[in-house]
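Turn these sequences into a full structure, and let the hints guide you.
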Amino acid sequence: MTAERTPIVIAHRGASGYVPEHTLVAKGIAHAMGADYLEQDVIATKDHHPVVLHDIYLDTVTDVARRFHGRSRPNGRYYAIDFTLAELKTLEVLERFDHRNGRNVFPGRYSGGAGGFRICTLDEEIRFIQNLNRTTGRQVGIYPEIKQPSWHRDEGCDLTSIVLQSLDRFGYRDKSDNCFLQCFDEFEVRRIREDLSYQGRLIQLVGDGHDARSGTDYSRMKTSEGLADLAKVVDGIGPNLAAIVRWDDSQAAKLTELVAEAHRFGLAVHPWTVRADDLPKGCATLQQLIDTLRQAKVDGLFSDHPDQVLTCLAAC
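Each residue of the sequence shown is one higher than the one before, counting from 95 in the working numbering.
Think of the hints as simulated: they come from the structure by calculation, not from any bench. Incorrect hints may have been included.
Here are the simulated SDA-like cross-link-like pairs (lysine to any residue), alpha carbons at most 20 angstroms apart as the crow flies [said to hold, decoys possible]:
1. K140 - T178
2. K140 - S244
3. K348 - Q389
4. K375 - T386
5. K183 - V119
6. K183 - S244
7. K269 - G235
8. K140 - T215
9. K391 - Q381
10. K140 - Y173
11. K316 - E351
12. K375 - Q345
13. K140 - D157
14. K140 - T100
15. K391 - D371
16. K316 - F359
17. K140 - Q259
18. K326 - D311
19. K391 - T367
20. K391 - D343
21. K326 - R267
22. K391 - A346
23. K140 - I150
24. K316 - K348
25. K326 - S313
26. K316 - R267
27. K269 - F359
28. K316 - K391
29. K183 - R160
30. K140 - E249
31. K326 - F359
32. K375 - D342
33. K183 - V199
34. K326 - D268
35. K348 - D302
36. K391 - D157
37. K348 - C410
38. K348 - R388
This is the structure we're talking about:
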């Protein structure tokens with residue numbers, strides 16, 4: 095980790111600012127745009143295949159309610175783990191929308207169903223990226239996230255073990271390999287390192303407050319004591335932008351001490367999520383946001399618009 099280096103750019107769910115998230119098209123565009131890493135959120139199917147989707151639900155990014163009407167749970171939601179991989183393969187992936195009213199979360203983004211976008215497995219996506227690396231000569235890394243592992247265990251699936259098996263098959267085993275593995279669940283992160291003996295680069299994602307399901311205390315993680323404990327297990331942290339910088343009413347940026355403290359313990363810092371069409375409150379331009387993150391000396395950042403971030407970084 096070197097503070098003077100240009101931060102790595104991680105394509106958040108691919109080039110998700112332009113086409114539906116977590117599709118191979120989104121990953122291919124992000125690869126061509128020059129992103130350093132491509133993110134994969136991973137959940138499990140009924141037959142325990144790891145698939146690339148951000149949520150345990152299907153009804154905010156697919157046409158599942160139309161194709162499989164009546165297969166929702168009592169709360170009205172459609173869960174990926176209730177469907178086999180073959181069934182998921184029949185669904186069309188759409189731009190993220192509110193399942194309650196059908197409106198796109200980001201109104202200016204891709205609209206309509208044209209495109210034939212489909213759900214892919216983790217293996218399919220890794221194979222796709224490795225082939226792009228071979229044909230283009232660009233060595234773009236992967237950045238998988240294990241989603242809600244304790245919830246999956248309650249459903250009878252050890253998602254983490256499945257993901258680690260995939261990573262091993264494709265040669266992502268130690269810290270020299272072009273992969274970061276991430277998770278919000280502190281106890282699962284420790285299990286990955288200590289019980290499952292994963293030797294690759296590991297990132298502790300950092301939210302806000304306290305997560306009741308996993309028992310993860312994010313507030314403590316941001317303290318010197320918490321960071322010191324994390325440094326014994328992980329290679330870096332992934333906090334939200336607000337944990338690093340906020341803007342006051344006069345549009346002046348105020349940096350926290352989190353990045354400096356994390357660096358003091360040898361931890362990399364990869365904040366999320368930079369969106370050109372959804373800037374933090376008080377931040378005037380994308381360039382201002384990127385300039386501020388450079389000032390904070392972050393080591394990488396997640397973005398829905400990797401091309402625009404790369405342009406801003408070049409202008410810093």
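Structure-based check of each hint:
no., hint, in the structure
1, K140 - T178, "holds (5 angstroms)"
2, K140 - S244, "holds (16 angstroms)"
3, K348 - Q389, "holds (11 angstroms)"
4, K375 - T386, "holds (14 angstroms)"
5, K183 - V119, "holds (16 angstroms)"
6, K183 - S244, "violated (25 angstroms)"
7, K269 - G235, "holds (12 angstroms)"
8, K140 - T215, "holds (13 angstroms)"
9, K391 - Q381, "holds (15 angstroms)"
10, K140 - Y173, "holds (9 angstroms)"
11, K316 - E351, "holds (9 angstroms)"
12, K375 - Q345, "holds (9 angstroms)"
13, K140 - D157, "holds (18 angstroms)"
14, K140 - T100, "violated (41 angstroms)"
15, K391 - D371, "violated (23 angstroms)"
16, K316 - F359, "holds (12 angstroms)"
17, K140 - Q259, "holds (18 angstroms)"
18, K326 - D311, "holds (17 angstroms)"
19, K391 - T367, "holds (16 angstroms)"
20, K391 - D343, "violated (24 angstroms)"
21, K326 - R267, "holds (19 angstroms)"
22, K391 - A346, "holds (18 angstroms)"
23, K140 - I150, "holds (12 angstroms)"
24, K316 - K348, "holds (17 angstroms)"
25, K326 - S313, "holds (18 angstroms)"
26, K316 - R267, "violated (28 angstroms)"
27, K269 - F359, "holds (18 angstroms)"
28, K316 - K391, "holds (17 angstroms)"
29, K183 - R160, "holds (14 angstroms)"
30, K140 - E249, "holds (9 angstroms)"
31, K326 - F359, "holds (9 angstroms)"
32, K375 - D342, "holds (9 angstroms)"
33, K183 - V199, "violated (24 angstroms)"
34, K326 - D268, "holds (16 angstroms)"
35, K348 - D302, "holds (18 angstroms)"
36, K391 - D157, "violated (41 angstroms)"
37, K348 - C410, "holds (18 angstroms)"
38, K348 - R388, "holds (13 angstroms)"
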